[in-house]
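There are 2 protein chains.
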Amino acid sequence: MVKKVVIIGGGAAGVDVLELLLRGQGAAEEMEITLLKKEEEGFFSTCGLPFALQGMYSIKDLSLFEPEFYRAKGIDFRTETEVTSINLEEGYVRVDSIEEIRYDELVIATGSKPFIPPLEGTNLEGVYTLSGREDGEKVEAAMSANPRNALVIGGGIAGLQTAVAFSKRGIYTTVVEMFPYLLPSILDADMASIVQKWLYKEISFILGKPVSAIKGEQRVKSVIVGEEEIPADIVLMSAGMRPSVDIAREAGIEVGESGGIVTDRALRVKKGKLYLDNVYALGDCVEVIDAVTYRPRLSQLASTALIQARVVANNIRGISSSYEPCLSPTVATISGLQIGSVGVITEVARRYGIKIKVGKAIKYTKARFFPGRKLIIAKLLFEAYTEKLIGAQIISGETVAERINELTLAIRAGITARDIWMRERCFDPSLTMVEDVIVDAALKAVGS
Amino acid sequence: MVKKVVIIGGGAAGVDVLELLLRGQGAAEEMEITLLKKEEEGFFSTCGLPFALQGMYSIKDLSLFEPEFYRAKGIDFRTETEVTSINLEEGYVRVDSIEEIRYDELVIATGSKPFIPPLEGTNLEGVYTLSGREDGEKVEAAMSANPRNALVIGGGIAGLQTAVAFSKRGIYTTVVEMFPYLLPSILDADMASIVQKWLYKEISFILGKPVSAIKGEQRVKSVIVGEEEIPADIVLMSAGMRPSVDIAREAGIEVGESGGIVTDRALRVKKGKLYLDNVYALGDCVEVIDAVTYRPRLSQLASTALIQARVVANNIRGISSSYEPCLSPTVATISGLQIGSVGVITEVARRYGIKIKVGKAIKYTKARFFPGRKLIIAKLLFEAYTEKLIGAQIISGETVAERINELTLAIRAGITARDIWMRERCFDPSLTMVEDVIVDAALKAVGS
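Protein chains in written order, with the working numbering: chain A, 1 to 448; chain B, 1 to 448.
Keep in mind that a hint or two might mislead.
To be verified - Listed below are the simulated EDC-like cross-link pairs for lysine to aspartate or glutamate, each with C-alpha atoms no more than 20 Å apart in a straight line:
{"hint": "1", "chain 1": "B", "residue 1": "Lys357", "chain 2": "B", "residue 2": "Asp190"}
{"hint": "2", "chain 1": "A", "residue 1": "Lys209", "chain 2": "A", "residue 2": "Glu229"}
{"hint": "3", "chain 1": "A", "residue 1": "Lys270", "chain 2": "A", "residue 2": "Glu89"}
{"hint": "4", "chain 1": "A", "residue 1": "Lys60", "chain 2": "A", "residue 2": "Glu140"}
{"hint": "5", "chain 1": "A", "residue 1": "Lys3", "chain 2": "A", "residue 2": "Glu90"}
{"hint": "6", "chain 1": "B", "residue 1": "Lys73", "chain 2": "B", "residue 2": "Glu19"}
{"hint": "7", "chain 1": "B", "residue 1": "Lys363", "chain 2": "B", "residue 2": "Glu398"}
{"hint": "8", "chain 1": "B", "residue 1": "Lys374", "chain 2": "A", "residue 2": "Asp61"}
{"hint": "9", "chain 1": "A", "residue 1": "Lys270", "chain 2": "A", "residue 2": "Glu254"}
{"hint": "10", "chain 1": "B", "residue 1": "Lys388", "chain 2": "A", "residue 2": "Glu324"}
{"hint": "11", "chain 1": "A", "residue 1": "Lys3", "chain 2": "A", "residue 2": "Asp277"}
{"hint": "12", "chain 1": "B", "residue 1": "Lys60", "chain 2": "B", "residue 2": "Glu41"}
{"hint": "13", "chain 1": "A", "residue 1": "Lys60", "chain 2": "A", "residue 2": "Glu134"}
{"hint": "14", "chain 1": "A", "residue 1": "Lys357", "chain 2": "A", "residue 2": "Asp419"}
{"hint": "15", "chain 1": "B", "residue 1": "Lys388", "chain 2": "B", "residue 2": "Asp419"}
{"hint": "16", "chain 1": "A", "residue 1": "Lys388", "chain 2": "B", "residue 2": "Glu324"}
{"hint": "17", "chain 1": "A", "residue 1": "Lys374", "chain 2": "B", "residue 2": "Asp61"}
{"hint": "18", "chain 1": "A", "residue 1": "Lys374", "chain 2": "B", "residue 2": "Glu398"}
{"hint": "19", "chain 1": "B", "residue 1": "Lys215", "chain 2": "B", "residue 2": "Glu229"}
{"hint": "20", "chain 1": "A", "residue 1": "Lys271", "chain 2": "A", "residue 2": "Glu257"}
{"hint": "21", "chain 1": "B", "residue 1": "Lys113", "chain 2": "B", "residue 2": "Asp246"}
{"hint": "22", "chain 1": "A", "residue 1": "Lys363", "chain 2": "B", "residue 2": "Asp61"}
{"hint": "23", "chain 1": "B", "residue 1": "Lys363", "chain 2": "A", "residue 2": "Asp61"}
{"hint": "24", "chain 1": "A", "residue 1": "Lys363", "chain 2": "B", "residue 2": "Glu19"}
{"hint": "25", "chain 1": "B", "residue 1": "Lys363", "chain 2": "A", "residue 2": "Glu19"}
{"hint": "26", "chain 1": "B", "residue 1": "Lys270", "chain 2": "B", "residue 2": "Glu250"}
{"hint": "27", "chain 1": "A", "residue 1": "Lys138", "chain 2": "A", "residue 2": "Glu80"}
{"hint": "28", "chain 1": "B", "residue 1": "Lys444", "chain 2": "A", "residue 2": "Glu140"}
{"hint": "29", "chain 1": "B", "residue 1": "Lys374", "chain 2": "A", "residue 2": "Glu398"}
{"hint": "30", "chain 1": "A", "residue 1": "Lys444", "chain 2": "B", "residue 2": "Glu19"}
{"hint": "31", "chain 1": "A", "residue 1": "Lys4", "chain 2": "A", "residue 2": "Glu29"}
{"hint": "32", "chain 1": "A", "residue 1": "Lys271", "chain 2": "A", "residue 2": "Glu140"}
What the hints assert, rightly or not - Per label pair, the in silico range of CB-to-CB distance:
{"hint": "33", "chain 1": "B", "residue 1": "Pro118", "chain 2": "A", "residue 2": "Ile319", "range": "56 to 66 Å"}
{"hint": "34", "chain 1": "B", "residue 1": "Glu120", "chain 2": "A", "residue 2": "Lys374", "range": "41 to 51 Å"}
{"hint": "35", "chain 1": "B", "residue 1": "Glu324", "chain 2": "A", "residue 2": "Lys374", "range": "26 to 36 Å"}
{"hint": "36", "chain 1": "B", "residue 1": "Asp246", "chain 2": "A", "residue 2": "Ser322", "range": "51 to 61 Å"}
{"hint": "37", "chain 1": "B", "residue 1": "Pro117", "chain 2": "A", "residue 2": "Glu19", "range": "48 to 58 Å"}
Worth flagging that the hints you see were computed from the coordinates, not collected in a lab.
The beta carbon of each residue, even a glycine, is placed where N, CA and C say it ideally should be.
Using the sequences and the hints, build the whole thing.
Written as structure tokens, this is what we have:
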């Protein structure tokens, strides 16, 4: 029997599931797959946008697959198509309010949309968000129109990366962050201050104050932050992404305290007291369980979506797979500085009642005598009693992503501070220090 | 009571122990420490030598500590001093055949010496080894004397790195390796062939043939390899290092099948049926237990010595610590190419009766659309039945060391191929691919 699979959403999550189903042996014969997405392109890599705006490549390069690519493989790949409702009882989705598409297995990958703070003036011309090709093209056009001042609302990764793009074009750029420091979801204040110092020549910062209004007539002219009125020809709203859960909620699917769709470990959605056998959800629209706090949270990363897609695709193919609690390892390059974080930060540990021991160290990435070495700063958080690693923050000019991957594994494996101290690491003076920064940080946390 | 600690050897192992004892709280008052070494400098980083010969810095830069540095801290740091025997019964070492130095705790860190193949001509002028400052200076002087041809015996890391140094100076350079491929102790033949191709413009290779003689009168003129006579003005013998165990063996301390001193997990040496309470050995002179085969082997790395030094220093300070079986993660840069290996290679798995599943993949280090990405090749070995990772080989232009550290931890943590496939990795297009080469390799090994 041919199984009818319907995927709602063509962002990373939806396309990953599609891709994995296609790679499965014999899948093409066993399944009839429909993917429904609002946007007009096949797949667009949104996380690549800030670098395109920085001029590293063109926005077009981020359209990684055309719809035809999948259509040629027999997929009913529909763009500019909106799912207006889901009927779980009868097993179909309604498309563009008129067509009904029956499913045997449904995948909800509806993604997220930019959070628009409830402010006066968010609909003025010159106010942008950055979530997809169209947004990117609008911002690029605005950057090319010789603006003098740009203001970014939100000092997270995308906000800072885009602020760097503005600054590189010679636009005077201000970032406003409500928290008293940058990157508050992935860094502690002391680590964030390093990032701020790194950027101080390029970007002005207003921290610890919310934006209270965006001013202008038709076009934006300024932004009010506290008592100050800041001139702005471009405003980018980068204040986080909210899960897109409306059609799921309307169908009776449970949405959790984080705002994301609740699932079980097979990533099946919940309705009433039961998890449904044939309806999965993944990606930016779902809630995950944090692997340190064991409480619900969001993890709106392409990397999270990919792992979830493997679980969903396997389950649809009949290979039972379970999704693990999530550590959400995160990295970014911001103006050449690499920043990484995994597990909990100090504030999250405090909020969830976890006492910690902390170690922080600064060293080089290579031997002291080796040319081209870079500084590296690591902060490690350990659960106070067991001394198990539960969080890590790293900043350097190189090797940050791979170190975050190692520490992600270390948290999962229950590695303690003394384990880190007693653990082999490779050494070559051209590539590492014989005593690594991670080891120093671990030892500082526990004394000896 | 002040404890009298005597350390024999001032290479990485001996100096690491000294350094760690000094860092311990109150250690200076509780201990009287003597370090005895043959060489004249405080500490010299031998693994940095090939890069000095490549012109990246001067040999002098590798003298990281002068003896005065430690003497000022109250250490009896003796250079140009040879221990001629150990008396375990009465607890002293004899120095330069005349002086007796009593110890409460003895640390044997006698290191290793270059293996000199039993050949005609190894004592000719122009034939060198590379194990310390003096060797380095001799080779540097020889390189400056306008030689036309250099020949390196041994295609291991140090041999290849030094061959690159010769080649950079315009010396026609040949590497002779007895095995049919390069780096046979850390790479499989297919991975080694990538390194060979990378170097083919710089270095000539003769593989699978032993050197049978070194020819010349007083000075070296040529080297006989198989039927061929190869002209050579410089010959570097880089055929591995042998543990220096003579004084230990003469004192009745057991030496194992690998040629290294046998120890227990506290790194205490064995005499007769017993491990001695107050005599430790570590570094290039000891035998370790391999963490995959559980059989004895050598692990002559500065990084291995450092971990062992932590165990020894802790135990001397009264903080019980145990040394773990060894994975010997290894990295090197050879002419800009980064090469890494950890755990077993295919040949070792075969030799020790371990059936394997193998996956190999080639990808980029960053997103496909990101400028500056490099190729990366990974080969992973899994135990066939449990599908646990037991070995990894990686070659790329970047990120190899940090990946080897991650995979070292993965082997120790008992991670399986499917774990790797289901495990979160961080993603930013400027730093990683969303589907990493490691993940592809793991999946290829197990099919799905």
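How the hints compare with the structure:
1. For the hint linking B:Lys357 to B:Asp190, the alpha-carbon distance of about 16 Å falls within 20 Å, and the restraint holds.
2. Between A:Lys209 and A:Glu229 the CA atoms are separated by roughly 13 Å; this keeps the pair inside 20 Å, and the hint holds.
3. A C-alpha spacing of about 13 Å is found between A:Lys270 and A:Glu89, which places the hinted pair at or below 20 Å, so the restraint holds.
4. About 12 Å separates the Cα atoms of A:Lys60 and A:Glu140, which keeps this hinted pair within 20 Å; it holds.
5. Taking the CA atoms of A:Lys3 and A:Glu90, the gap is about 16 Å. The hint holds against a cut of 20 Å.
6. A hinted pair counts as satisfied when its Cα atoms are at most 20 Å apart, and B:Lys73 with B:Glu19 qualifies at roughly 11 Å.
7. Annotation: proposed proximity of B:Lys363 to B:Glu398 holds, straight-line Cα distance about 13 Å (limit 20 Å).
8. Under the criterion of a C-alpha separation no larger than 20 Å, the hint pairing B:Lys374 with A:Asp61 is consistent with the structure, at around 18 Å.
9. At most 20 Å may separate the alpha-carbon atoms for a hinted pair to count; A:Lys270 and A:Glu254 meet this at roughly 6 Å.
10. Between B:Lys388 and A:Glu324, the direct Cα distance comes to roughly 19 Å. Compliance with the 20 Å bound is thereby established for this hinted pair.
11. For a cut-off of 20 Å, the pair hint linking A:Lys3 to A:Asp277 stands: about 14 Å separates their Cα positions.
12. This hinted pair checks out: B:Lys60 and B:Glu41 have alpha carbons roughly 11 Å apart, not beyond 20 Å.
13. Under the criterion of a C-alpha separation no larger than 20 Å, the hint pairing A:Lys60 with A:Glu134 is consistent with the structure, at around 11 Å.
14. A distance of roughly 15 Å separates the Cα atoms of A:Lys357 and A:Asp419; the hinted pair therefore holds under the 20 Å criterion.
15. Pair hint B:Lys388 plus B:Asp419 holds up; C-alpha atoms about 9 Å apart against a cutoff of 20 Å.
16. Restraint check: the Cα-Cα separation between A:Lys388 and B:Glu324 comes to about 19 Å, which is no more than 20 Å; the hinted pair holds.
17. For the hint linking A:Lys374 to B:Asp61, the alpha-carbon distance of about 18 Å falls within 20 Å, and the restraint holds.
18. For the given pair, A:Lys374 sits about 14 Å from B:Glu398 by alpha-carbon distance, which is consistent with the 20 Å threshold.
19. For the hint pairing B:Lys215 with B:Glu229, the CA-to-CA distance comes to about 9 Å; that is within 20 Å, so the pair holds.
20. The straight-line distance between the Cα atoms of A:Lys271 and A:Glu257 is roughly 15 Å, inside the 20 Å bound, and the hint therefore holds.
21. Straight-line distance between C-alpha atoms of B:Lys113 and B:Asp246 comes to about 11 Å, which keeps the hinted pair within the 20 Å bound.
22. Straight-line distance between C-alpha atoms of A:Lys363 and B:Asp61 comes to about 18 Å, which keeps the hinted pair within the 20 Å bound.
23. For a cut-off of 20 Å, the pair hint linking B:Lys363 to A:Asp61 stands: about 18 Å separates their Cα positions.
24. With a C-alpha separation of about 18 Å, the suggested pairing of A:Lys363 with B:Glu19 holds against the 20 Å cut-off.
25. Pair hint B:Lys363 plus A:Glu19 holds up; C-alpha atoms about 18 Å apart against a cutoff of 20 Å.
26. Under the criterion of a C-alpha separation no larger than 20 Å, the hint pairing B:Lys270 with B:Glu250 is consistent with the structure, at around 13 Å.
27. Of the pairs offered as hints, the one joining A:Lys138 and A:Glu80 holds, with about 19 Å between alpha carbons and a cut-off of 20 Å not exceeded.
28. For the hint pairing B:Lys444 with A:Glu140, the CA-to-CA distance comes to about 41 Å; that exceeds 20 Å, so the pair is violated.
29. For the proposed pair B:Lys374 and A:Glu398, the alpha carbon gap of about 14 Å is at most 20 Å, so the pair holds.
30. Restraint check: the Cα-Cα separation between A:Lys444 and B:Glu19 comes to about 16 Å, which is no more than 20 Å; the hinted pair holds.
31. Distance restraint check for A:Lys4 and A:Glu29: the Cα-Cα separation of roughly 11 Å lies within the 20 Å cut-off, and the hinted pair is therefore satisfied.
32. As the CA atoms of A:Lys271 and A:Glu140 are separated by approximately 43 Å, the hinted pair breaks the 20 Å bound.
33. Roughly 58 Å separates the CB atoms of B:Pro118 and A:Ile319, a value that falls within the hinted 56 to 66 Å.
34. For the hinted restraint 41 to 51 Å between B:Glu120 and A:Lys374, the CB-CB distance of approximately 49 Å keeps it satisfied.
35. Take B:Glu324 and A:Lys374: their Cβ atoms lie about 30 Å apart, and the range 26 to 36 Å holds.
36. Range check, B:Asp246 to A:Ser322: Cβ separation about 57 Å, and the 51 to 61 Å hint holds.
37. In this structure the hint that B:Pro117 and A:Glu19 lie 48 to 58 Å apart at CB holds, the actual value being about 54 Å.
Violated hints for the displayed structure, listed by number in ascending order: 28 and 32.
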